[in-house]
Each structure stands twice: as structure tokens, then as C-alpha cells.
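S.K.: Sequence:
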Amino acid sequence: MTNRPRIALVTGATQGLGLALVEGLASRLSPADTVYLTGRDAGRVARAVAGLPATSAQVRGELLDVADPDAATRLARLVEERHGGVDIVFGNAVMRIGPDDDPRALMDAYTQVNNFGTTRLMRAFTPLLRDGGRFLVVASSLGTLSHLAPVLHDRFDGLSSLDEVDKQVAAWRDAVLDGSAAASAWPGFINIPSKIAQVAAVRALASQRRDDDLRRGILLAAVCPGMINTPTSALWWDVSTAASPAEAAVPLLDLALDPVDPGHYGQLVRFGRALPWKP
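Residue numbering for the sequence shown is 1 to 279, as defined by full-length UniProt numbering.
A portion of the hints provided could be inaccurate.
[Stated by the list, open to error] Cβ pair distances, simulated, as ranges: (1) A183 - E247: 40 to 50 Å; (2) D101 - R215: 41 to 51 Å; (3) P231 - S160: 35 to 45 Å; (4) D212 - A109: 31 to 41 Å; (5) S56 - D163: 31 to 41 Å; (6) S27 - H153: 36 to 46 Å; (7) P150 - P259: 33 to 43 Å; (8) R123 - V250: 21 to 31 Å; (9) S207 - P259: 16 to 26 Å; (10) G217 - R273: 14 to 24 Å; (11) P276 - E81: 36 to 46 Å; (12) S180 - P99: 15 to 25 Å.
Worth flagging that the hints you see were computed from the coordinates, not collected in a lab. Every residue, glycine too, gets a C-beta built ideally from N, C-alpha and C.
Work out the full structure: start from the sequences and follow the hints.
M.R.: Quick look at the structure:
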């Protein structure tokens, strides 16, 4: 990172972990820096910005619905026009699903946000990363092949482009929608393939960018914040002893602001350690 003003952007930032990441970045960065708080609802974005405590860096709200095929490109163009590039991006937008939800009813919208939204963000903003930049996709420890039946590993292993990842996500989505996934080895908990696909997207893009990014001090990685005490998580698990969003944000902020560990590049990182992709 240089002494120029730094530009950071967080998606899915109107509540929970995303809001904590914005507050943490704005507290750690300088008054010359800008943090973009983004979300899909203009009213919620405005309220989130207004509700933040006094911070060092400027926080700027912007509308970004990652399910809109063109939204990330539009915002990237705006950020480039204003600042010439970006230094830190957290891809945190997520559509949540509860135990009582029917995956088939939500599948299209779910993948549009969690998966295609992630790859759209990557296509739009990684070309804008300046030297020393960070692009971090918030995923989960579920995003490794150890959580997928071995017969399905080749769907996501060794992919070399975001287009290939999108193709596999679309095939999985369609199998859920037509009911064939239920009769095969796909897990019923759709969060598992979704998180694996997010990590696969990071790995695929990293395979293309690795040498140049490491030369320029750029980190591209997926991150696992661990269990977080949120109302959605509480629908699935006992989160009474889990970290608050602010606590969970700390190791992610460290990864975004500390010197790059080359061993983290293209990996899924949890609490400062790269998790194995394969069992």
C-alpha cells in the first residue's frame, strides 16, 4: 500500500458482518480514505451510513444489487472515474436461507446473489485493484471439497476461469430446480455447493493472476469469518457463544490491512490460516 488515499468497498454492508467491516475499515483507515458501504436498498444504505459512529475515514453509501447483471460494472466505472482504482474490496453480499425454506423456490435468486453476484463483482473490480490491493470474498469453512461427495469434486476442482465456475453453478442450480439433485450426490444444504463455488471462483481467477498479483503485492483470497451470532445463524445452530459481527470482522480486517502472506493467495483463509482445498 502507498501513501495515496485508499479506497475500500464492502458489499452486503447494511447489517451484520458487512456493516462491521465498513466500521472497522473506516476506523483503521485515515481521514483521506474512503469506504463505500453498499447494499441493494437505498433506504437501508442511507440508514446504515447515518447510524455509524464517528470514524476516521469517510464512509460513502452507494446502491449495489449484485443480482443485477450490470450493477457491479456500473459501480466499478463510477469508482474508477472518481478515484482511478480501488484498494480493498470485500465481497460479502449474501442471500440467506432458513431451515424451513424450500431450496427449489429460492434457488435462482440465491445463486444470482451468492454465486453469480460474486463472479460479477470479481470481473468488475479486480481489474481496478491498485498495487498492494486486496480482494476478499467472504465464504465459509464449508467451501472446501471435503464437504462434497468425491464423485462431484471434478465439478469445481481445477477450473481455470470464472466462466467455467459460472457454468458449473448453473448446472447445479438447474439440477436443484428440476429435482435431479435430490436423487444424486448433491447435498441438500445448498449453502455447501454455493460456498465451494465461491472458493472455486477465487482459485480460478487466482490461477490467471497469481504471478502479476504477487509481484504487485495484491492479495486475492476467500475468507471464513467463523460462526457469527446473528439471527439467521441462530435458525440453524446454537450461536449463543459465537462471535459478534464486530469480533468476527477483526481477522478479516487484519487480512485486508496487514502485509500479504503469499501462502494466503488464492486460498480460503480462516483466522489467519489457509484451509486445505482437498480432503
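S.K.: Indicate, hint by hint, whether the structure satisfies it.
M.R.: Consistency of the hints with the structure:
1. A183 - E247: 40 to 50 Å: Given about 41 Å between the Cβ atoms, the range holds.
2. D101 - R215: 41 to 51 Å: 45 Å, holds
3. P231 - S160: 35 to 45 Å: Taking Cβ atoms as reference, P231 and S160 lie about 39 Å apart, which means the hint holds.
4. D212 - A109: 31 to 41 Å: 35 Å, holds
5. S56 - D163: 31 to 41 Å: At 40 Å between Cβs, range holds.
6. S27 - H153: 36 to 46 Å: Holds: the Cβ-Cβ distance is about 41 Å, inside 36 to 46 Å.
7. P150 - P259: 33 to 43 Å: 37 Å, holds
8. R123 - V250: 21 to 31 Å: Holds, at about 29 Å.
9. S207 - P259: 16 to 26 Å: Given a distance of about 23 Å, which is inside 16 to 26 Å, the answer is holds.
10. G217 - R273: 14 to 24 Å: 21 Å, holds
11. P276 - E81: 36 to 46 Å: 41 Å, holds
12. S180 - P99: 15 to 25 Å: Given a distance of about 23 Å, which is inside 15 to 25 Å, the answer is holds.
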